[in-house]
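From just these sequences and the hints, can you work out the full model?
Numbering of the first sequence is given in our numbering, commencing with residue 42 and proceeding in unit increments.
Hints are supplied without guarantee of correctness; some may be wrong.
Claimed, not checked - As a list, the in silico DSS-like pairs of lysine-lysine whose alpha-carbon atoms are at most 27 Å apart: (1) Lys123 / Lys175; (2) Lys345 / Lys72; (3) Lys345 / Lys305; (4) Lys234 / Lys72; (5) Lys339 / Lys359; (6) Lys74 / Lys234; (7) Lys123 / Lys234; (8) Lys121 / Lys88; (9) Lys123 / Lys227; (10) Lys72 / Lys219; (11) Lys74 / Lys345; (12) Lys234 / Lys175; (13) Lys230 / Lys249; (14) Lys121 / Lys227; (15) Lys261 / Lys227; (16) Lys261 / Lys206.
Hint data in this document are derived by calculation from the structure and do not stem from the laboratory.
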Amino acid sequence: MSSIQRQFQLFPQISRKSGSRMGILSLPHGKVKTPFFMPIATRGAVKNISPDEIKALGAEIILSNTYHLLQRPGLSILQKHKGLHGFMRWDRPILTDSGGFQVFSLAKIRKITFEGAIFQSEIDGSRITLTPEKAIEAQYIIGSDIMMVLDECTPYPCTYEYAKKSLAITLDWARRSKNHFEKINKKKKLSEKNRPLLFGIVQGSVFKDLREEAVTELVKIGFDGYAIGGVAVGEGINQIDEIVRWTTALLPKDTPRYLMGVGKPEEIVRAVHVGVDMFDCVIPTREARHGRLYVRTKKRAAEKKFYDVLNIKNGIFKEDMRPVDAHCACLLCTQFTRSYLRHLFSTNEGLGLRLATLHNLNFYLRLMEELRRV
RNA sequence: GGGCGGUUACCGAAGUAGUCAAACGGGGCAGACUGUAAAUCUGCUGGCAUACGCCUUCAGAGGUGCAAAUCCUCUACCGCCCA
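In structure tokens form, the structure reads like this:
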């Protein structure tokens with residue numbers, strides 16, 4: 042039994058015919074039931090809510106971001122707190138993104154070479170160079186349970202030539218990341234049991250042969266888990282599903298699969314059905330701040346239209362005395378009316394953001410619970 | 001009683017003859033958000049029309065002028081100053 046099989050225990054006997062999987066992933070800071078959704082704490086905080094609240098919602102792991110933490114507070118302050126866990130007072134596992142996505146999202150102020158990515162900080166204009174090695178080192182200092190390799194998330198649309206060239210860089214960075222990772226583990230004398238995990242990222246844009254090449258090469262290098270990246274960046278919903286299907290079909294069965302940045306509830310459901318184990322997305326938290334509230338219908342997750350979305354800022358809610366979701370057990374739904382939440386939004390009261398965030402995360406986490414049960 | 005200044009769309013506020021249905025804020029209405037530069041961004045906000053466009057507006061009434069939110073006269077209201 043390989044180390045990762047000890048770390049990732051699948052329960053094939055209760056997995057459904059559909060291709061969905063259930064399991065337990067063991068990490069330095071605890072065990073996490075799969076499939077799971079990670080609330081996003083880019084800058085060391087899930088916006089508007091506290092670690093206790095995140096825990097109470099049932100989240101077993103959160104995501105944070107190397108690129109952002111590198112700039113603020115910087116590694117030395119994180120070191121003083123013995124890593125991000127101590128800094129933000131979260132004692133469960135953390136996955137950190139490498140900064141690869143920022144190579145994409147901050148496209149206006151960056152440059153990519155085989156050596157690494159050069160960014161201009163949007164905070165103070167200074168130049169930041171991120172190399173695969175530096176990203177790994179930073180993630181050790183952060184104290185990440187699951188580290189992601191530095192990659193380039195290809196934009197959409199993108200030509201075959203660009204995607205191919207970009208993939209070559211991503212694969213080169215993946216090799217260097219793995220080497221550096223092993224070197225540091227050795228140096229730190231970390232055992233197979235208490236070391237963090239390192240995930241590779243499958244790129245290749247919308248091109249099947251590039252995706253296949255990415256999987257083949259990454260598996261050759263050997264990672265603890267594999268992420269599908271470069272998805273939901275503007276391509277159609279059908280293409281997301283297609284890419285996920287191609288990729289999951291090729292990935293090793295005994296390692297976790299992580300669909301990065303996805304997504305809408307129904308996209309998560311579909312991805313779970315083809316064997317994806319891990320998700321993260323800004324949708325529940327960001328849309329909460331923008332007044333969009335997710336509400337379950339009576340349908341099960343596998344069915345169509347299993348949820349509605351309320352834009353609580355809409356005039357029709359002005360005098361709506363009902364809770365946002367009568368069947369939801371969150372703070373918002375058990376205590377307050379739609380009318381009150383709308384009032385909080387129109388008066389710009391921070392409580393509205395907090396209640397909405399708790400609610401949407403509750404929606405997502407309960408959905409994952411349901412997907413683990415079925 | 002006299003002098004000066006003001007009155008613009010839901011609110012605040014630009015505009016001082018043609019390019020004005022009238023900048024810009026706010027508010028209102030709606031939409032977007034997918035590994036978070038995002039409590040952000042976009043559109044609409046006099047009426048009718050999908051639109052071309054047409055119609056009615058800049059305190060009120062009257063005037064000058066080809067043309068007025070813009071100039072003149074009076075009236076109303078609001079400020080400030082002098083008695």
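### Task
Given the hint that Lys234 pairs with Lys175, test it: the Cα-Cα distance must not exceed 27 Å.
holds (24 Å)
### Query
Is the hinted pair Lys234 and Lys72 satisfied, with a Cα-Cα distance of at most 27 Å?
holds (13 Å)
### Message
Check whether the Cα positions of Lys339 and Lys359 lie no farther apart than 27 Å.
### Response
holds (25 Å)
### Query
Does Lys227 lie within 27 Å of Lys123 when you go C-alpha to C-alpha?
Given that 27 Å is the threshold and the Cα spacing comes to 20 Å, the pair holds.
### Message
Hinted pair, alpha-carbon criterion (27 Å max): Lys345, Lys305. Please report holds or violated.
### Response
This hinted pair holds, its Cα atoms lying about 13 Å apart.
### Message
Against the 27 Å threshold, does the CA-CA distance of Lys121 and Lys227 hold or violate the hint?
### Response
holds (23 Å)
### Message
With the threshold set at 27 Å, check whether the alpha-carbon distance from Lys123 to Lys175 stays at or below it.
### Response
Cα-Cα ~18 Å, so holds.
### Message
Need the status of pair Lys261, Lys227: alpha-carbon distance at most 27 Å?
### Response
Within the cut-off at roughly 21 Å; holds.
### Query
Taking only the CA atoms, is the gap from Lys74 to Lys234 under or equal to 27 Å?
Holds. Lys74 to Lys234 sits at ~18 Å (cutoff 27 Å).
### Query
Are the Cα atoms of Lys230 and Lys249 separated by 27 Å or less?
The given pair, whose Cα atoms are some 40 Å apart, is violated under the 27 Å limit.
### Task
Could you grab the alpha-carbon distance between Lys261 and Lys206 and see if it respects the 27 Å cut-off?
holds (19 Å)
### Task
Would you check the hint for Lys123 and Lys234, treating anything up to 27 Å between C-alpha atoms as holding?
holds (20 Å)
Consistency note: the structure conflicts with the earlier hints numbered 2 and 13.
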